[in-house]
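S.K.: Residue-level listing of the chains:
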Amino acid sequence: MRVIIVGAGQVGSSIAADLAGTHDIVVVDRDGDRVEDLTYSLDVLTVQGDGTSLSTLEEAGVDEADMVIASTDDDETNIVICSTTRAVSDAFTVARVKNTEYLRTWERSERAFGIDFIVCTNLLAAESIVRVVGIPAARDVDSFAGGSVQMAEFEIPPGSPVTDQTVAEADRFEELTFAAILRDDDLEIARGDSVLHERDRVVVIGDPDAVRGFATTIAPDEPPGTAEEVVIVGGSEIGYHVARLLGDRGFKPRLIEQDAERARQLAEDLPNAIVMESDATDIDFLEREHVGDADFVVAALDSDEKNLLVSLLARRLGVDRTVAVIDTSEYVELFEAVGVDVGVNPREVVAEEITRFTREGGAENVAIIESDRAEVLEIEVDTESILANRPIHESVSDLPTGVVIGAITRGESFITPRGDTVIQPGDHVVVFLDACIVDDVTPKL
Amino acid sequence: MAIRVDYRASLSLVGSVLKYLAVPLALPLVVALAYGESVAPFLVTMLVTVAVGGGLERLRPDPDIGAREGFLMVAATWLAVSLIGALPYLIEAYGLPGFVPASAPESTLRHPPNALFESMSGFTTTGATVLGEISLDAHGHGIMLWRQLTQWLGGMGIVVLAVAILPELSVGGAQLMDAEAPGPGIEKLTPRIAETARALWGAYLGFTVLEIVLLYGLHLAGMAPAMDVYNAVAHGLTTMPTGGFSPEARSIEAFSAAVQWLIIPFMIAAGTNFALFWHALTGDPKRLPGDSEFRFYVGAMAVLTGLVAAFLFVGNGIATFVPPGATYDSAYLSGVRATLIGNVEPALRHAAFQIVSLVTTTGYASIDFNAWGPSAQYLLLFAMFVGGSAGSTGGGIKVVRWYVILKSIRRELFTTAHPEAVRPVRLGGRTVDERAIRGIYAFTVLYLVLFFVATGLIFLDAGRVGLSLSVLEAMSAVAATLGNVGPGFGLVGPMGSYLDFSPESKVFMVALMWLGRLEILPVLVCLTPEYWRQ
Chain Y
0 MRVIIVGAGQ VGSSIAADLA GTHDIVVVDR DGDRVEDLTY SLDVLTVQGD GTSLSTLEEA
60 GVDEADMVIA STDDDETNIV ICSTTRAVSD AFTVARVKNT EYLRTWERSE RAFGIDFIVC
120 TNLLAAESIV RVVGIPAARD VDSFAGGSVQ MAEFEIPPGS PVTDQTVAEA DRFEELTFAA
180 ILRDDDLEIA RGDSVLHERD RVVVIGDPDA VRGFATTIAP DEPPGTAEEV VIVGGSEIGY
240 HVARLLGDRG FKPRLIEQDA ERARQLAEDL PNAIVMESDA TDIDFLEREH VGDADFVVAA
300 LDSDEKNLLV SLLARRLGVD RTVAVIDTSE YVELFEAVGV DVGVNPREVV AEEITRFTRE
360 GGAENVAIIE SDRAEVLEIE VDTESILANR PIHESVSDLP TGVVIGAITR GESFITPRGD
420 TVIQPGDHVV VFLDACIVDD VTPKL
Chain L
0 MAIRVDYRAS LSLVGSVLKY LAVPLALPLV VALAYGESVA PFLVTMLVTV AVGGGLERLR
60 PDPDIGAREG FLMVAATWLA VSLIGALPYL IEAYGLPGFV PASAPESTLR HPPNALFESM
120 SGFTTTGATV LGEISLDAHG HGIMLWRQLT QWLGGMGIVV LAVAILPELS VGGAQLMDAE
180 APGPGIEKLT PRIAETARAL WGAYLGFTVL EIVLLYGLHL AGMAPAMDVY NAVAHGLTTM
240 PTGGFSPEAR SIEAFSAAVQ WLIIPFMIAA GTNFALFWHA LTGDPKRLPG DSEFRFYVGA
300 MAVLTGLVAA FLFVGNGIAT FVPPGATYDS AYLSGVRATL IGNVEPALRH AAFQIVSLVT
360 TTGYASIDFN AWGPSAQYLL LFAMFVGGSA GSTGGGIKVV RWYVILKSIR RELFTTAHPE
420 AVRPVRLGGR TVDERAIRGI YAFTVLYLVL FFVATGLIFL DAGRVGLSLS VLEAMSAVAA
480 TLGNVGPGFG LVGPMGSYLD FSPESKVFMV ALMWLGRLEI LPVLVCLTPE YWRQ
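Heads up: the sequence lines are chains Y and L, in that order. Sequential numbering of the first sequence, starting at 0, is according to numbering that gives the first Met the number 0. Sequential numbering of the second sequence, starting at 0, is according to numbering that gives the first Met the number 0.
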């Protein structure tokens with residue numbers, strides 16, 4: 000597939016790096032230095048020029064392109080790029096925007112702006128943060144099949160009741176499937192006799208209640224559900240959306256913002272949140288407001304370092320869990336090693352979203368585990384599928400190892416996959432795939 | 000650049016409005032003709048209003064009004080229509096040579112302060128009366144209809160009506176409507192202000208007609224023997240403006256329980272923001288039940304009704320003896336006690352009727368609540384201060400102000416504990432501007448200060464002329480005139496009148512009604528030297 004990416008900033012470059020291995024990528028940017036850098040660091044074609052101009056797009060080969068991704072920093076520019084593309088080519092257009100108003104307009108009429116798919120960075124990042132709230136010990140949570148199936152990645156906390164138990168012992172839930180265990184750099188497909196160790200990360204797929212129940216099993220000390228007290232530090236767009244989404248879910252989050260005018264604006268826009276105007280690194284303030292008693296602190300300031308500082312401070316004051324927005328993807332692992340429980344990189348989230356469109360076959364929803372170590376796909380089974388009309392143990396034996404059928408939904412009902420379960424065409428199946436077999440297995444499903 | 004107030008422009012517009020007052024005067028004229036009564040009061044007044052209006056109009060042929068001229072125009076309009084509106088009362092009371100002699104030569108309206116009081120009370124929809132005897136026999140159908148008609152004209156607002164009708168007011172119209180009923184700003188329903196004004200008047204007219212039809216329908220159905228056509232029209236004309244001038248001396252007590260129940264929802268509607276009805280009729284019916292002011296308004300009435308009904312039901316909300324000077328006798332009192340104590344429906348009906356009537360500032364009574372005990376009466380006094388909704392025909396401090404004040408107090412309590420918290424005060428989904436909150440506090444304090452000062456003055460003046468007046472009576476008289484409610488307690492109770500006050504007190508109360516109808520500020524602004532300074 001020929002993909003043109005306009006805008007070689009952090010997001011554009013990251014998408015280019017993700018896709019370069021499997022697709023023909025053309026990167027367009029106005030900045031000559033960036034273009035130059037990319038030419039050498041990635042196996043992509045680069046064009047220097049203004050992506051909103053037709054001549055530049057034509058130079059990049061827009062008429063033969065299958066997809067154009069507009070990922071510059073400026074919403075309006077991205078929209079113009081998609082409109083321009085639509086005027087001269089049939090390429091699938093993807094635009095990255097920050098302003099959710101554009102997303103709303105587009106959702107109302109999918110013809111708007113000539114955009115085929117909108118990726119709202121701030122909103123996606125906020126959604127991935129919010130999914131983690133309310134599920135103890137979760138590092139990543141994704142919903143499938145319209146919310147009736149959840150995939151969650153948990154880290155087994157120290158002293159957990161399931162430590163050193165086998166999967167068979169730990170699995171007390173009918174509607175839950177263990178997919179894999181991630182240990183350092185290894186990925187182990189879960190079997191009944193696999194043993195769970197402290198600090199292992201386990202990927203489970205199942206009914207949301209079972210996922211929540213499992214979370215409580217591995218971390219019984221952390222209170223689940225909406226009783227959780229959430230403090231959001233930083234009224235950035237991400238902070239705003241986290242507060243808004245939590246508010247919609249019945250939480251009453253507190254949002255701390257230093258700038259008076261922004262705080263005022265947020266207070267007006269967020270009826271379900273309590274907005275406080277203060278410096279979040281002011282210890283007196285944090286103590287006075289009992290931030291240490293919070294169950295969850297989301298650090299969404301505009302600097303990675305400040306977010307780390309806030310997270311460490313929060314841990315020190317006694318907060319159970321911290322989530323930090325980390326813009327620099329290289330820092331994610333480091334920050335998670337020194338005290339941030341969950342690091343969310345907005346660009347990684349965007350990359351996941353873009354991946355949906357580059358995937359061959361009928362994947363409807365994709366979650367990427369640990370950057371790129373595994374994927375969870377939702378597919379609708381058709382008659383061509385290797386899974387159709389046969390028991391799971393038969394079809395799995397025809398597939399390489401590293402595939403786990405996590406959940407099946409048929410109409411409204413949830414079906415727990417067992418070896419003898421027969422999958423029917425029309426079923427939605429959530430499948431866990433080891434990254435190294437994704438390209439091999441996906442077309443067969 | 001005209002820095003000085005262009006009072007000629009203001010008065011010229013007052014003239015335009017005044018001139019058209021001749022049109023509604025035709026209605027009582029026709030009624031007087033039909034009943035064979037003197038048409039002189041209306042005919043003469045028509046000539047006077049056209050002459051005075053036309054004359055004022057000539058002050059400035061092409062009036063151009065700004066914000067300052069707007070205040071003067073609105074304040075002067077209300078004063079002018081009240082002065083002209085007093086003429087039919089005076090003429091009827093005196094009679095004119097060459098015409099049929101007046102039906103009531105002994106009428107209390109012979110005295111100009113009384114006639115002015117009655118007229119201002121009508122136009123401001125207060126409903127306080129100085130009539131010595133309220134009856135169609137003593138005053139004639141024409142003049143009684145004029146009383147009701149002044150309320151109907153004043154209800155939705157004379158200036159709003161003028162904006163709806165007079166093309167020359169299309170430009171400054173929003174300002175004028177804002178000055179007439181400031182509240183927290185008017186809501187433009189349509190791009191053109193004249194259309195908004197027409198929409199409001201249309202809803203108002205629609206409700207009035209509906210109520211008249213239903214009231215008369217009850218009569219036809221045999222459920223309201225006393226509700227003949229004249230009464231149906233009269234009560235339709237005085238419910239929707241939250242006026243309360245009933246042609247019956249016993250107010251709504253003269254009618255059946257069915258009539259009382261029917262009038263309650265119409266009073267509630269009259270005290271509701273008419274913009275919400277407009278939305279409901281133009282395809283957004285959810286706005287009405289979802290509106291936070293409306294919910295607060297209905298909730299406040301429900302709570303007060305529940306309390307009063309409980310007091311009445313157990314009997315400790317009803318007086319146990321007839322105090323000296325009461326407007327009711329012991330037979331009436333024992334009748335009231337027998338009706339209310341232990342009976343759910345009458346207790347609930349009378350509690351709801353009085354509470355709704357006083358909260359909305361209508362001022363009708365389904366029972367003589369003078370015969371109630373202090374526990375219920377203080378709740379009624381409290382109800383007078385609640386007032387109707389913004390954008391309704393109700394007077395008083397208005398529900399929305401209390402709602403904002405309560406919310407901002409809650410905010411203060413919260414920010415005391417959490418000094419860094421940023422909490423806007425919300426009204427429904429919208430944030431209330433901090434300046435608007437300050438304005439609401441200023442208005443409410445001003446209103447209460449005016450209330451206490453005026454109570455003191457009325458009390459002193461009563462002492463001067465040897466009128467025995469309790470503090471509660473004085474307070475209720477001021478609350479009822481300033482809030483455009485109408486009846487108070489004791490002397491000025493629902494079956495009593497303001498007749499016994501001195502002429503000075505009455506003129507003072509005329510000013511209170513005027514201030515109350517225009518929500519004080521537009522009148523006060525015109526009285527400050529800064530306003531007139533270059």
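No lab work stands behind these hints, which were simulated from the structure alone. Given the structure is predicted, the values throughout are model-derived calculations rather than measurements. One or more of the hints may lead you astray.
What the hints assert, rightly or not - Facing chain Y, according to a computed beta carbon distance under 8 angstroms, are these residues of chain L, among others: (1) Pro373; (2) Thr415; (3) Glu419; (4) Val421; (5) Arg425; (6) Gly427; (7) Thr430; (8) Arg434.
Stated by the list, open to error - The calculated label-pair distances, taken between Cβ atoms and stated as ranges, are: (9) Asp281(Y) x Arg294(L): 34 to 42 angstroms; (10) Phe413(L) x Arg248(Y): 18 to 26 angstroms; (11) Ser52(Y) x Ile408(L): 53 to 61 angstroms.
Here a beta-carbon is modelled for each residue, glycine too, at the ideal position from N, C-alpha and C.
S.K.: A separate judgement is required for each hint: does it hold in the structure or not?
M.R.: Against the structure, the hints:
Below 8 angstroms, beta-carbon pairs count as interface contacts, and proline 373(L) has none with chain Y, the closest being about 41 angstroms; its hint is therefore violated. Interface restraint check for threonine 415(L): the shortest CB-CB distance to chain Y comes to about 13 angstroms, outside 8 angstroms, so the restraint is violated. The beta carbon of glutamate 419(L) comes within 4 angstroms of a beta carbon in chain Y, closer than 8 angstroms, and the hint placing it at the interface holds. About 4 angstroms separates the beta-carbon of valine 421(L) from the nearest beta-carbon of chain Y, less than 8 angstroms, and the hint is met.
Given the 8 angstroms rule on beta carbons, the hint for arginine 425(L) holds: about 6 angstroms separates it from the nearest Cβ of chain Y. Using the Cβ-Cβ criterion of 8 angstroms, the hint placing glycine 427(L) at the interface with chain Y is not satisfied: the shortest such distance is roughly 10 angstroms. For threonine 430(L), the shortest C-beta to C-beta distance to chain Y is roughly 4 angstroms, which falls under 8 angstroms, so the interface hint holds. About 14 angstroms separates the beta-carbon of arginine 434(L) from the nearest beta-carbon of chain Y, more than 8 angstroms, and the hint is not met.
As the Cβ distance of aspartate 281(Y) to arginine 294(L) is approximately 39 angstroms, the hint placing it in 34 to 42 angstroms holds. The supplied range of 18 to 26 angstroms is met by phenylalanine 413(L) and arginine 248(Y), whose beta-carbon atoms lie about 23 angstroms from each other. Between serine 52(Y) and isoleucine 408(L) the beta carbons are some 59 angstroms apart, a value that agrees with the proposed interval 53 to 61 angstroms.
Checked against the numbered hints given earlier, the structure breaks hints 1, 2, 6 and 8 and satisfies all the rest.
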